[in-house]
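Chemist: Protein chains in written order, with the working numbering: chain A, 152 to 427; chain B, 170 to 494; chain C, 13 to 556.
Note that these hints are calculated values from the structure, not bench results.
The structure presented is a predicted model; accordingly, all values stated were derived computationally and were not measured.
Any given hint could be a false lead.
Not close to chain A: a few residues of chain C, all C-beta gaps over 12 Å, as computed [claimed, not checked]:
#: 1; residue: N97
#: 2; residue: D127
#: 3; residue: A452
#: 4; residue: G528
Taking lysine-lysine and the DSSO-like style, the derived pairs with C-alpha atoms no more than 27 Å apart in a straight line are [claimed, not checked]:
#: 5; chain 1: A; residue 1: K329; chain 2: C; residue 2: K395
#: 6; chain 1: A; residue 1: K329; chain 2: C; residue 2: K256
#: 7; chain 1: C; residue 1: K256; chain 2: C; residue 2: K317
#: 8; chain 1: C; residue 1: K366; chain 2: C; residue 2: K456
Just so you know, even glycine gets a beta-carbon here, dropped at the ideal spot from N, CA and C.
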Amino acid sequence: MDAVKRYFRSPAAVVGLLLLLVVIAMAITASWIYPRDPLALAGRPLIWPFSNPRFLLGTDNSGRDIAAQIFYGARISLLIGGVATVIAVVIGVLIGAFAGYYGGWVDTVLMRITEAFQTLPNFVLLLVLVAVFGSTLTTVTIAVGIVSWPAPARLTRAEFMSLRSREFVQAGRTLGMKDIQLILGEILPNALPPVIVYASVVMAVSILLESALAFLRLSDPNVASWGNLIGLGRDVLRVQWYVSAIPGIAILLTVLAVSLVGQGLNDALNPRLKSR
Amino acid sequence: MRILSLAGRRLAASIPTLFLILIGVFLLLQFAPGDTVDAMMAQMGGGDAATARELRKFYGLDLSIPMQLGNYLWRLIRLDLGFSSIYGKPVATVIIERLPPTILLMTASLSFAFFFGLLFGVIAARGVNKWPDTLISTLGLVFYATPSFWFGLMAIVVFSIYLQWLPAGGFEDIGAVQTGFGRTIDIAQHLILPTLTLGLIFLAIYLRIMRASMLEVLNLDFVRTARAKGLDETRVVVRHVLRNALLPMVTLIGLQAGTMLGGSVVVESVFSLPGLGRLAYESVVQRDLNTLLGIVFVSALLVILVNFLVDLLYARLDPRIQAEA
Amino acid sequence: MSAADNTILTIDGLSVKLPKGADRSHALNGVSLAINANEIVCVVGESGSGKSVMANAIMRLLPGEVAIDGGRVLFEGKDLASASNTEMRKVRGAGIAMIFQEPMTALNPLRSIGDQIGEMFEIHTELSKTEIKARVLALLADVRIPDPAQAARAYPHELSGGQRQRAMIAMALALDPRLLIADEPTTALDVTTQAQILKLIKELQTRRNTAVLFITHDFGVVAEIADRVVVMQHGNVVEQGAVKDVLTDPQHPYTQQLIAAVPPLTAPPPRALSEDIILDLADVSKTYRNGGFLGRGVRVTHAVKSVSLQLPRGATLGIVGESGSGKSTLARCIIRLIDPDGGSIVLEGKDWAKLTRDEVRHETKHIQMVFQDPFASLNPRRKAGDLVAQGPIVHGTPRAEAVANAKELFRLVGLDPSAIDRFPHEFSGGQRQRIGLARALALKPAVLVADEAVSALDVSVQAQVLTMLHELRERLGLSIVFITHDLRVAAQICDLVAVMKDGEVVEHGLAGEVFGNPQHAYTQALLASIPGGDFARSRKPVTV
Numbered sequence: 152m153d154a155v156k157r158y159f160r161s162p163a164a165v166v167g168l169l170l171l172l173v174v175i176a177m178a179i180t181a182s183w184i185y186p187r188d189p190l191a192l193a194g195r196p197l198i199w200p201f202s203n204p205r206f207l208l209g210t211d212n213s214g215r216d217i218a219a220q221i222f223y224g225a226r227i228s229l230l231i232g233g234v235a236t237v238i239a240v241v242i243g244v245l246i247g248a249f250a251g252y253y254g255g256w257v258d259t260v261l262m263r264i265t266e267a268f269q270t271l272p273n274f275v276l277l278l279v280l281v282a283v284f285g286s287t288l289t290t291v292t293i294a295v296g297i298v299s300w301p302a303p304a305r306l307t308r309a310e311f312m313s314l315r316s317r318e319f320v321q322a323g324r325t326l327g328m329k330d331i332q333l334i335l336g337e338i339l340p341n342a343l344p345p346v347i348v349y350a351s352v353v354m355a356v357s358i359l360l361e362s363a364l365a366f367l368r369l370s371d372p373n374v375a376s377w378g379n380l381i382g383l384g385r386d387v388l389r390v391q392w393y394v395s396a397i398p399g400i401a402i403l404l405t406v407l408a409v410s411l412v413g414q415g416l417n418d419a420l421n422p423r424l425k426s427r
Numbered sequence: 170m171r172i173l174s175l176a177g178r179r180l181a182a183s184i185p186t187l188f189l190i191l192i193g194v195f196l197l198l199q200f201a202p203g204d205t206v207d208a209m210m211a212q213m214g215g216g217d218a219a220t221a222r223e224l225r226k227f228y229g230l231d232l233s234i235p236m237q238l239g240n241y242l243w244r245l246i247r248l249d250l251g252f253s254s255i256y257g258k259p260v261a262t263v264i265i266e267r268l269p270p271t272i273l274l275m276t277a278s279l280s281f282a283f284f285f286g287l288l289f290g291v292i293a294a295r296g297v298n299k300w301p302d303t304l305i306s307t308l309g310l311v312f313y314a315t316p317s318f319w320f321g322l323m324a325i326v327v328f329s330i331y332l333q334w335l336p337a338g339g340f341e342d343i344g345a346v347q348t349g350f351g352r353t354i355d356i357a358q359h360l361i362l363p364t365l366t367l368g369l370i371f372l373a374i375y376l377r378i379m380r381a382s383m384l385e386v387l388n389l390d391f392v393r394t395a396r397a398k399g400l401d402e403t404r405v406v407v408r409h410v411l412r413n414a415l416l417p418m419v420t421l422i423g424l425q426a427g428t429m430l431g432g433s434v435v436v437e438s439v440f441s442l443p444g445l446g447r448l449a450y451e452s453v454v455q456r457d458l459n460t461l462l463g464i465v466f467v468s469a470l471l472v473i474l475v476n477f478l479v480d481l482l483y484a485r486l487d488p489r490i491q492a493e494a
Numbered sequence: 013m014s015a016a017d018n019t020i021l022t023i024d025g026l027s028v029k030l031p032k033g034a035d036r037s038h039a040l041n042g043v044s045l046a047i048n049a050n051e052i053v054c055v056v057g058e059s060g061s062g063k064s065v066m067a068n069a070i071m072r073l074l075p076g077e078v079a080i081d082g083g084r085v086l087f088e089g090k091d092l093a094s095a096s097n098t099e100m101r102k103v104r105g106a107g108i109a110m111i112f113q114e115p116m117t118a119l120n121p122l123r124s125i126g127d128q129i130g131e132m133f134e135i136h137t138e139l140s141k142t143e144i145k146a147r148v149l150a151l152l153a154d155v156r157i158p159d160p161a162q163a164a165r166a167y168p169h170e171l172s173g174g175q176r177q178r179a180m181i182a183m184a185l186a187l188d189p190r191l192l193i194a195d196e197p198t199t200a201l202d203v204t205t206q207a208q209i210l211k212l213i214k215e216l217q218t219r220r221n222t223a224v225l226f227i228t229h230d231f232g233v234v235a236e237i238a239d240r241v242v243v244m245q246h247g248n249v250v251e252q253g254a255v256k257d258v259l260t261d262p263q264h265p266y267t268q269q270l271i272a273a274v275p276p277l278t279a280p281p282p283r284a285l286s287e288d289i290i291l292d293l294a295d296v297s298k299t300y301r302n303g304g305f306l307g308r309g310v311r312v313t314h315a316v317k318s319v320s321l322q323l324p325r326g327a328t329l330g331i332v333g334e335s336g337s338g339k340s341t342l343a344r345c346i347i348r349l350i351d352p353d354g355g356s357i358v359l360e361g362k363d364w365a366k367l368t369r370d371e372v373r374h375e376t377k378h379i380q381m382v383f384q385d386p387f388a389s390l391n392p393r394r395k396a397g398d399l400v401a402q403g404p405i406v407h408g409t410p411r412a413e414a415v416a417n418a419k420e421l422f423r424l425v426g427l428d429p430s431a432i433d434r435f436p437h438e439f440s441g442g443q444r445q446r447i448g449l450a451r452a453l454a455l456k457p458a459v460l461v462a463d464e465a466v467s468a469l470d471v472s473v474q475a476q477v478l479t480m481l482h483e484l485r486e487r488l489g490l491s492i493v494f495i496t497h498d499l500r501v502a503a504q505i506c507d508l509v510a511v512m513k514d515g516e517v518v519e520h521g522l523a524g525e526v527f528g529n530p531q532h533a534y535t536q537a538l539l540a541s542i543p544g545g546d547f548a549r550s551r552k553p554v555t556v
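Take the sequences, apply the hints, and build the full model.
Modeler: Spelled out as C-alpha cells, the structure:
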C-alpha cells in the first residue's frame, strides 16, 4: 500500500499512467468507434487533418481514415509490446534464475548463450527471424520477444547471485528447504521488483522494434499498425508529411507513457534509493 | 601490457560465442522458405528444374545440413564468405564496399551520444531536481520514446524539404565528382541528419545513466573525504566524481554496440545510405541468404571489436581490473 | 579550565534538524562542548545518538536536508555554523581534518594514495610537485607505513585495511591541522590493527599537539585513548568529564547503564562440563581455489586447516579470531552450508561431513544457526510469525500448529506474541536478532551455531541478548558454538574457547584459562590488543 501511495505522489508517474490508460481505451473502443475495416477505402485520398469533420485526422494516400488506423494501431502496438514483453521476461527470468542460483558450469553455459544473443545486433537477428518465419502477427510478436530476453536474463542473474549468498537465504537452507522452495519462496519475491520495473523498458523497446519492422514493410501488412502507416506516408513525405507525422506521435506518446509508468514503479518499489 | 593481455583474453573468450552465433543462424536459415538458388532463378527470370539441380550441386546445396555447415565454417576460416547471386560478386567484396558508411555513421553517432550524454548527465546531476535537471530529464525521456525512423523522416521534412539546408539522403553527391577536402565536407553534410537520428536514443540512454551514476558516486564516502579536504565543488566533480561515474557509461558502450548496429539498419534505410544495415535489409527482401549470413558474421565481429576496445578503455580507467587478472 | 585561549573548538547549543518524516525532528538538540589544545575528547553513544552528525556538522558536511538550525561552532574566532562556503573550504583539511570509519570507501578507488595525499598540498599550499612528493613520502613514513614509496604509488585496493587507515591519517595530518576529527576510525578494523591505529593516533597527537575529537561506541576505546569523555544519547549530551571520573563514577543513569553493559574480560567461574560429547570435529578442512583461467594462476586458500574440537553437551564453545581466520567458514562447514573437503563432524553419532544434501535437509533440525546481520538474515517479504513457523512447516508440522508454536517461541525470546503479523522492518535490530533466534529454536535443535550473533548490536542490546542466550541454554539444555571476533563477549558466555588464526586453531581450553593464562603468542597479542584492557579486567564478571 505504501508503494501505491508513493507511486501517486509523483506527477510524472500519474501523467504516464493516464496516457497509458488513454492508449488502452483507444485499443478497447476501436471497433466500437470505427466499426468498419480501418484498411478499407473510406474517402478521397490525402485529405488534410481537421479539414473534413468525417476524417478528423485526414486520410492517407489510399484514402483510408488515419484516425481509425491510429485507434486500431494502438491494439497492435499494445498486443505485440505486451505479449513480446511477457515472452522476453519469462525466458529471461528462467535463464537468469538458473544461472544465478546454480552458478558453476550451468551459469557458464547459459551466459555464453546470452552473450551470443547480445553480440548479434538485435535488429539483425529480428530480420533473420522474419526472413525465415515470415511476417505474420504471431511470428513478429514471438521474434520480438526472442530478441529481447538477454537483458532481463542478466538482471535476474545478478539479483539471484547477490540474493543467493544473503543470510536469509542461507537461513532457509539451514531450515532444510529444498532448492525449489528457496528459489520460489525466498529469492524470487525479492528479485522480482527490479525485473518488473525493467519489463517497462522491454515493452518500450518492443513497441519501437515492431514499429521499425513495420516501417520497413517487414511486419504483418494485413493489420493497421502505426509503423505501416509511417512507411506508407514516406511516399508522400514532401507535401503530405502529416501521414507519417501523426502515427509517429502516437508511438512516441505510447512509449513515453510506458517509460513514465516504469520509472514511477521503480521509485515506488525501490524507495531505498531515496531514503538512504 | 597487462591491460592488453587481459583484454586479449576476453577477446579469445568471445571466439566460441562467434561460432555459437554462426552455427545458430546457419541452422536457422535452413528453415527459410527458398534458398540461394531459388533467389537466383527468380533473378534470372525463372528456369527449369534441371538447371536448379545443377546449380544446387555446384553450390553444394544438395549435401546434408551438417556437411553444408562444415563446408561453410571451413570456408569462413579462410575468410571466404561465399558468393552473392544477387550482386554477382563475392559476399566479402559486397560487405567491404558497404562497410565505410556504417562505420562512419556508428563512430559519429557514438561520439555525439557519448559527449552530449556526458555533458547533459553532469549538468542534470549537479542541479538535481532543479529546472535544468527537469528539462534535461524530460527531454531524455522524449528522445528515448522517439522512433528513430520517424525522427529521421521529420528531420528530412524540416531540414531538407522546407529549409533545404541539408541533403535528404545518400552518402555523397553523385553528380559532382569531388576529391579531398570537398568530398569530406560533402560526406559530412550527408551524415549530419543520420548521425542525429541514430544517436538520439543513445544520447537519451547515456544522459540517464550518467545522471544516475553521478548521483550515486556523489553519495559515496570518498566524495565526503574530498570535501573534508577543502576541495570546491567543481574540483570534487572533476577530480573525484567524473572518472568513477564514467565507468558504467563505458560498460554501456560495449553492451549497446549491437543495438546501435541494429539501429543503423533502419537509419540507413531512411537516408538511403549504402551501408551494411541497408545491405542487411536488401538481402532479407531479396532473400540473399548468403549475404545475410555474411552480415551476421561481420556485425558480430564488429560488436566483438567494440567490446575489445571498451575493455581496453575500462582497464585504463579502473586500476582494480588489473588486480583481478 | 581557566585558560580560555587554550580552547580550540567550542560547540555552543548546536542543533541539527532532520528532514520531515524522520523518526525525530532533531539529530542534535542544543549540544555544547569544548575541546582544548593537546587533548583527546571521546564522544561515546549508541547508534542514533547523533555523535556522527555532530562530527559532520562541525565540518559542515551534512547531507541534503539535514541542516544546522541553531547554535554556534567556534573555531579560531570564527563561527563555522554561519561561515560562508569559501571560508569553510579554507578550514577543511587545513584547520580541521577528518578521518572516517571505512578507509576502503573513504579513499577514491581510481587514484593512487600518493596522489590523494598530495592533493591536500595542491589545494591549500603553493608547493611545487617535487616538494609535494617529498612531503607525501615523509608523511607516509610518519604514520609507519613499511614502504612509503611503494604505498604512494599504490591504489587503495592494493593496501590492507590498517595501511589504508594509516594513509587516511597521513592525509588528515598533512597540513598540521589544529583539530582532528576521527569518526569511528577503528570500528571496521581487526582488534590487533585497531590497537596499532589507536597507538598511532595517540603518539601523533602527543608529538604534534593536535586536539582530537574521537567518535566511538566502544567504552574500551574510551578507556584506552581519551582524556575527556562526552556521553551522548538521542542527540543530547547527558554527561561529560575527565575519563577517570566518568568511567569509575558515572553520574547519569544512561552512562551507568552503558558502562554496566560493557562485557568485562574476566570469565565467570567455570561450570561443571558434561562428559558426553555432543559435537565432535576431527581434522575438518576447507580449501578454496579461485582465479584460475585455463589452469594458470590458481590461488589456493586454506580457509580451514584440520580443525579438531569437541563440544560437551550443554556447554558453549567459543571460536574467536580476526577476519580471515576461518571461523565463519568453520561454522558454515559445521551446519553444511559449505561442504568441508575432509575430516569428520560427528553430531550425536552421525558424521555430518559425509551426509548427502538430502540427508542434510532432514537432519538439519538437530543443528541450527543464528546469523550475524539482523537486517539481512530475515526475508523482508515474510511476516515475523511465518519466518519462525517456516522451519517446522518444511519438516512436516501442520501450519496452524507451527504458527501457534511460533507465538510460544516469541514469548520465550522476550517478544510480544501479538507481533507475529508484523514484517521484519517494523522491528529494531535487537528484536530482529530475537526473531532469528526464535526461528532457529523452532526446530528444537540440540546444537545452536551463533555466527557473530551479537556483533552488529549496540552494547546495551548486546548485553540483553547475551543474557537471554544464557537463560535459554539453561532452560532448553542447548549446546552452543559461539563464533565471535570480540574476546570480551566470548569471555562472558563461553565455557570453552578456541582461538583461530589463518584457518588453524592455535589454542583452546577452558575460557578462564585461555583468557587468564594464554599460552600461544597470538592469543597473548589478541588479549593485549583489547582496547581499554585494564579497564575491562578491572570489572567483575556479570553473574547471570
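Chemist: Are all beta-carbon distances from C/D127 to chain A longer than 12 Å?
Modeler: holds (29 Å)
Chemist: Is the straight-line distance between the alpha-carbon of C/K256 and that of C/K317 27 Å or less?
Modeler: violated (44 Å)
Chemist: Check whether the Cα positions of C/K366 and C/K456 lie no farther apart than 27 Å.
Modeler: holds (23 Å)
Chemist: Just double-check C/G528 for me: nearest Cβ-Cβ distance to chain A has to come out over 12 Å.
Modeler: holds (34 Å)
Chemist: Is it true that the CA of A/K329 sits at most 27 Å from the CA of C/K395?
Modeler: holds (20 Å)
Chemist: Non-interface claim for C/A452: all C-beta distances to chain A beyond 12 Å?
Modeler: violated (8 Å)
Chemist: Hint check: A/K329 vs C/K256, CA-CA at most 27 Å. Holds or violated?
Modeler: Status violated; Cα separation ~56 Å.
Chemist: A cut-off of 12 Å on Cβ-Cβ distance, and C/N97 was said to be off the interface with chain A. Does that hold?
Modeler: holds (25 Å)
The structure is inconsistent with the numbered hints 3, 6, 7, although it conforms to all the rest.
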